Amino acid sequence: MAKEPLFSPEPGRSETKEAEGSAEHRLATSLYIPAGQCPPQLRLTNRPLGTSPTVMEKMCADEVPLTASSSEKQETVCIFGTGDFGKSLGFKMLQCGYSVVFGSRNPQVSSLLPRGAEVLSYSNAALKSDVIILAMRREHYEVLTELVDSLNGKILVDVSNNLKINQYPESNAEYLAQLVPGANVVKAFNTISAWALQSGTLDASRQVFVCGNDSKAKHRVMDIARTLGLTPLDQGSLVAANEIENYPLQLFPMWRLPFYLSSVLCVFFFVYCAIREVIYPYVNAKTDATFRLVISIPNRVFPITALTLLALVYLPGVLAAILQLYRGTKYSRFPNWLDHWMLCRKQLGLVALGFAFLHVIYTLVIPIRYYVRWRLKNGTITQVLANKDSPFSTSTAWLNDSYLALGILGFFLFLLLGITSLPSVSNMVNWREFRFVQSKLGYLTLILCTAHTLVYGGKRFLSPGILRWSLPSAYVLALIIPCSVLVMKFILIMPCIDKILMRIRQGWERNSQYSKSALNGKSDI
Amino acid sequence: MAKEPLFSPEPGRSETKEAEGSAEHRLATSLYIPAGQCPPQLRLTNRPLGTSPTVMEKMCADEVPLTASSSEKQETVCIFGTGDFGKSLGFKMLQCGYSVVFGSRNPQVSSLLPRGAEVLSYSNAALKSDVIILAMRREHYEVLTELVDSLNGKILVDVSNNLKINQYPESNAEYLAQLVPGANVVKAFNTISAWALQSGTLDASRQVFVCGNDSKAKHRVMDIARTLGLTPLDQGSLVAANEIENYPLQLFPMWRLPFYLSSVLCVFFFVYCAIREVIYPYVNAKTDATFRLVISIPNRVFPITALTLLALVYLPGVLAAILQLYRGTKYSRFPNWLDHWMLCRKQLGLVALGFAFLHVIYTLVIPIRYYVRWRLKNGTITQVLANKDSPFSTSTAWLNDSYLALGILGFFLFLLLGITSLPSVSNMVNWREFRFVQSKLGYLTLILCTAHTLVYGGKRFLSPGILRWSLPSAYVLALIIPCSVLVMKFILIMPCIDKILMRIRQGWERNSQYSKSALNGKSDI
Amino acid sequence: MAKEPLFSPEPGRSETKEAEGSAEHRLATSLYIPAGQCPPQLRLTNRPLGTSPTVMEKMCADEVPLTASSSEKQETVCIFGTGDFGKSLGFKMLQCGYSVVFGSRNPQVSSLLPRGAEVLSYSNAALKSDVIILAMRREHYEVLTELVDSLNGKILVDVSNNLKINQYPESNAEYLAQLVPGANVVKAFNTISAWALQSGTLDASRQVFVCGNDSKAKHRVMDIARTLGLTPLDQGSLVAANEIENYPLQLFPMWRLPFYLSSVLCVFFFVYCAIREVIYPYVNAKTDATFRLVISIPNRVFPITALTLLALVYLPGVLAAILQLYRGTKYSRFPNWLDHWMLCRKQLGLVALGFAFLHVIYTLVIPIRYYVRWRLKNGTITQVLANKDSPFSTSTAWLNDSYLALGILGFFLFLLLGITSLPSVSNMVNWREFRFVQSKLGYLTLILCTAHTLVYGGKRFLSPGILRWSLPSAYVLALIIPCSVLVMKFILIMPCIDKILMRIRQGWERNSQYSKSALNGKSDI
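Chains as they are written, first to last, in the working numbering: chain A, 9 to 533; chain B, 9 to 533; chain C, 9 to 533.
No wet-lab data here; the hints were simulated from the structure.
Treat the numbers as computed from the prediction; the structure is a model and nothing was measured.
There may be inaccurate statements among the hints.
If chains are identical, the list can't say which one is meant, so a pair holds when it fits in one copy or spans any two.
Under the rule of at most 30 Å between Cα atoms (straight-line distance), these lysine-lysine pairs were calculated in the DSS-like manner [said to hold, decoys possible]: (1) K448 <-> K507; (2) K385 <-> K396; (3) K448 <-> K172; (4) K224 <-> K136.
Construct the entire structure; sequences and hints are all you get.
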């Protein structure tokens with residue numbers, strides 16, 4: 009199935025399961041065929057806002073490769089494989105001043121390669137450079153066994169990806185290192201798409217994860233990445249290759265728990281509200297309230313989910329503190345579920361913000377709804393006809409305005425938290441500022457949103473009419489977790505308990521064999 | 009005309025057409041005059057959230073240049089020209105540990121230069137360093153012809169900009185390379201403003217585009233840029249200088265097509281709606297509905313423009329697929345207009361999001377409007393006086409709530425797409441995730457927004473009253489492109505067609521001379 | 009008091025005043041104790057969206073350090089101190105391919121250190137490497153005086169922080185340099201948290217400020233930072249250490265002025281409106297209007313504050329221009345208050361945007377409010393009973409719709425300005441584009457928002473009923489500053505004045521001793 013990205017200028021890139029490896033981009037290859045034609049998308053890297061194509065066409069007229077006019081001896085890089093990715097990488101390298109030699113099984117079939125590049129057989133190409141980039145599939149690595157001698161001491165760059173996570177017992181790079189033991193294998197470039205290399209519009213990540221056992225080889229490859237305008241990130245030894253290879257195949261791993269959690273909450277509360285507000289009136293009064301499923305009930309489900317998720321952001325921190333108090337030490341691991349929960353708190357918070365946003369819009373459209381306008385009109389008419397007076401109730405005005413104001417302020421702070429968690433914003437603040445925003449403002453948000461729900465309930469909490477088939481209103485259930493978190497947090501920050509917790513977190517242990525070490529560490533940071 | 013940037017701390021910077029070249033900043037020069045006074049804006053680079061000036065004044069007391077206390081031999085850089093940019097660059101370099109020698113036509117007039125810097129005549133200054141930064145206008149490069157011997161083998165850094173795009177037949181850097189053939193010319197720093205260098209508040213780009221024919225010279229300059237806290241980006245050989253020089257003169261080149269397109273759409277639909285809703289009632293019933301021009305009609309024009317632009321984001325992808333199917337190969341270039349269209353899809357989408365946002369706010373203010381409140385009141389009164397009953401219509405409630413809900417969800421997804429296209433967010437996701445968001449979520453957004461419009465129309469589509477002067481309602485026109493895109497896309501993802509498209513995108517060609525190459529490439533990526 | 013950050017995965021980190029220095033993170037140390045257990049949070053750096061823990065556990069099985077399989081000789085780094093920060097840094101370094109030797113007072117108490125690291129006494133550890141990272145408190149630097157000989161010529165990296173800003177007369181790094189004069193002291197890593205290093209989730213800044221008097225030593229440390237996946241930024245000589253040490257202790261220094269200013273404005277206008285709208289009716293008519301304090305009055309205070317702050321963003325630029333015109337030169341410093349004001353314009357603008365956002369939401373909830381619904385209902389009923397007609401007023405509809413439309417468009421442009429000031433967005437545009445947005449669009453926003461307020465006032469300006477106790481409506485006060493700014497700006501851009509200003513900004517001076525220099529500089533940039 010072919011998909012086109014919305015906002016990205018990637019034309020007709022088919023989303024095969026091979027991630028970047030396959031790289032069957034029209035642009036990537038169309039560059040090489042009609043000699044004399046100039047690719048309008050050949051632009052300066054890192055310029056998403058683009059440049060005028062007319063200027064570029066002038067550039068092209070000067071005959072790519074751009075460094076042709078340089079008389080100086082250039083560094084040569086060898087690329088094995090003439091697929092889309094190999095070609096794109098080669099083109100980019102030529103553009104950045106490298107000499108490029110392609111290694112191919114059939115060097116004579118090379119009409120599509122970028123001008124300026126040489127094409128030789130594998131063994132001849134290998135002689136030309138000590139950096140060899142393998143733009144070929146793992147399945148074909150075996151051909152390299154015949155070249156073991158010529159590859160001895162060379163830097164072999166593995167750029168491959170697999171079709172699924174953990175497809176093979178060992179990573180492609182480690183497999184390569186076994187096949188060619190004399191070479192220094194470096195894993196790199198697998199997160200970069202051929203199309204991105206070519207067009208210079210690195211809309212997705214510019215990060216290149218690099219790993220390898222030989223640090224000199226690794227640095228050599230990192231330098232190449234830097235020259236190409238990419239951001240290399242050292243990931244340690246070749247053991248990390250497995251994870252680097254899995255990275256491009258992942259689909260939001262940290263968002264899964266928040267997503268499942270919010271789905272379960274949504275479905276549960278949707279059914280719960282449907283029973284109370286659609287099925288109950290139908291059974292009791294034969295009223296058709298099915299239209300409530302579209303806006304009224306979602307507008308109960310969304311705020312409840314948002315508030316619960318927001319509370320779940322803070323719950324693990326509270327649990328961790330209780331666990332530390334109970335154990336009397338910080339030097340023991342938390343259960344795995346707690347660790348995982350803590351690591352996806354940011355995502356939990358952002359999903360909660362999404363639901364809060366939906367709640368805001370759903371609430372703001374209320375007065376436009378036909379049902380609401382009809383009820384207002386009908387209420388007025390009924391009142392006129394009944395000649396009944398409805399005096400103004402200041403206390404109702406107070407309650408009503410208060411819960412609106414609390415909600416607005418809570419949402420505003422929530423938005424601030426969301427904006428602060430944007431990578432480029434959080435990168436600008438120091439730790440103290442980050443903690444101030446995420447912790448103090450975060451708890452304030454939770455308090456405001458919980459108060460919003462409490463005041464919304466108002467007097468209705470005590471009314472017996474709140475129960476339908478013994479089911480309380482949904483927002484009563486929604487308050488359980490937030491209130492518990494706030495109460496526990498309140499207990500934890502009481503001076504007597506906070507003092508103990510503080511000492512534990514500074515390394516003190518209630519009954520410890522490491523007390524000496526802890527004391528020793530006091531002068532260290 | 010002098011302009012002050014809003015959120016940027018640039019005081020009274022005059023926007024002359026000379027881009028950064030002129031650099032007549034008060035701050036940039038006020039630093040040098042009143043000896044002993046300390047510039048409060050001399051702060052750590054890259055700290056937009058700032059530091060307290062009090063601390064900095066202490067720093068200044070220790071006598072700038074900051075490296076004065078170092079006994080170590082420092083690298084010397086020579087700067088020709090003592091204009092604002094030259095001074096700012098020199099100051100920054102002194103701060104970062106370089107020795108700076110200024111070359112000037114009149115070395116004796118040097119009272120305004122940063123303390124710690126030497127000022128000599130051009131030829132004497134050139135002897136001091138092998139890196140010479142030319143902070144002078146292209147018009148004065150001719151003076152360098154007298155210095156050809158002393159500049160032999162030196163690295164000449166061209167930092168100049170022009171007054172307009174493609175002002176001269178060749179770029180300033182290439183002109184310089186012709187004038188001084190013995191030197192290694194490197195183009196760099198032209199995108200950096202003197203004020204930014206000085207104040208450390210690099211609100212605009214920190215990117216330094218570097219190009220040059222000698223890669224050693226280029227790397228030397230890139231190292232200097234890095235030391236100054238900037239991000240150098242290698243752009244290849246000196247041929248790229250032209251584009252680098254044009255870059256600071258550009259004004260949103262990729263936004264032009266979306267901007268023109270949306271202007272045309274807006275004007276057309278505004279006139280169309282004005283005819284139907286203002287002129288028609290005036291002609292037919294002498295009703296003054298001109299006030300509709302302010303909110304009612306814009307609130308028709310904006311959603312129509314948004315939906316059309318959103319569909320136009322997806323149309324080129326569909327056209328590209330059809331073209332590939334028709335041609336039976338991916339190895340031939342698309343027409344230029346299609347290429348350009350594809351490259352500005354992101355901008356098209358963001359403009360569409362802007363209109364969608366306006367539509368949302370315009371819709372939410374509806375109940376506050378005098379006209380709407382008056383109509384509601386009057387409607388109620390009329391109904392009371394007529395003693396007419398208006399029974400509640402469940403089907404109307406369903407339709408009304410559905411189109412609101414569809415609109416809200418569509419807008420929510422649209423916002424998600426917009427947030428994901430923020431550079432710092434898109435830099436965090438891998439290609440698979442990026443495609444998932446931009447393609448799958450993108451099409452879902454288009455479907456929701458189209459459905460929103462369809463349901464909004466509801467039963468009115470069939471009503472004959474919809475035509476005024478044979479003109480259908482504007483939203484009927486708005487549906488044409490989105491529905492066409494969705495239908496075409498639906499056809500393209502049908503298994504039989506998708507399979508062929510897939511093969512084409514993997515390199516297969518219907519009748520091809522390159523089939524062998526395609527087969528050969530199968531093992532490559 | 010222990011706080012948990014909201015969206016950040018930092019578990020139970022206690023916020024002591026010691027900033028990062030103390031670093032008492034459970035995770036940071038829990039890694040080392042239960043041998044064989046694997047930390048699920050050991051992930052690739054720079055991957056906030058995370059990786060699946062299951063993959064990582066496989067990695068762990070291969071026995072950390074990850075470079076164990078490498079046969080090559082590795083660079084050794086020595087870390088003095090085995091506190092949380094020392095351990096985390098050591099762990100990270102092992103992971104990135106360094107050999108790590110810990111120096112400790114009690115080397116035998118080393119059970120908690122990362123596997124693969126050696127622990128020796130200070131003096132023995134110092135022999136192993138020429139880079140020594142001091143992960144100890146300043147208070148304990150004195151022990152180093154005994155090691156002066158073994159530290160001679162070594163690179164000493166000071167990573168310490170203090171408890172408060174400017175705690176000691178000299179910075180820790182300078183103090184260290186005095187204690188060990190033979191060593192090359194480099195200040196670095198103090199902005200990085202132990203937890204961030206360990207978990208790889210650098211939610212806050214990845215920036216490492218580096219300073220030192222020896223540039224080779226500095227570059228060595230910067231290379232290490234780069235290898236660890238951090239972004240080193242050269243800050244010059246050791247004089248900068250003071251500021252670098254203060255940085256992590258700062259709490260939004262540039263936001264203080266805008267914050268105080270907006271607080272003062274809010275409180276003043278709140279009291280002002282409360283007098284007019286709550287106390288006045290109570291005194292005059294015994295009406296209880298206290299409920300207005302919750303939404304009605306804030307919804308007057310917020311837009312007034314927003315508009316005033318927005319005008320204050322542009323006022324300093326206008327004042328600066330007037331000052332330059334008056335002085336006839338740009339070569340003299342502005343008063344300090346003006347400089348400081350100009351530097352926090354961005355923050356002023358963003359705070360104004362926050363208030364504008366609140367105003368928008370407060371306005372949009374109007375029709376949901378009980379008070380408003382009650383009034384509408386009651387108004388209708390009264391009218392029905394009085395049988396009074398309320399004809400539709402086109403001019404009211406025009407005024408009402410106009411001020412809503414102006415407000416919406418103003419807010420939309422304001423949001424655009426806010427988005428453009430996001431670091432990752434502003435980093436994408438060139439200076440010309442940045443100025444276009446921040447200056448032209450900024451003034452347009454101010455004009456639209458001022459017009460919004462003017463039209464809102466409408467006919468009421470002339471009505472005598474506007475005064476209560478001689479106090480005019482609050483929005484009348486709100487217009488003073490924006491109108492003044494716009495008038496002054498309008499005068500400044502008149503051709504005759506603009507021409508003079510332009511000349512001044514290009515270096516011309518009315519009566520100047522530097523006129524020759526200015527002329528000389530004409531060819532320079």
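Right, here's what the structure says about each hint:
Proximity of K448 and K507 under a CA criterion of 30 Å is satisfied intra-copy only: 19 Å inside one chain copy versus 51 Å between copies. In this assembly of identical chains, K385 and K396 lie within 30 Å of each other by CA distance both inside one copy and across copies; the values are 15 Å within and 12 Å between. In the homo-oligomer, the alpha carbons of K448 and K172 lie at most 30 Å apart only across protomers (20 Å), although the nearest pairing inside one protomer, at 42 Å, exceeds that limit. For a Cα distance limit of 30 Å, the shortest separation of K224 from K136 qualifies both inside one copy, at 19 Å, and across copies, at 21 Å.
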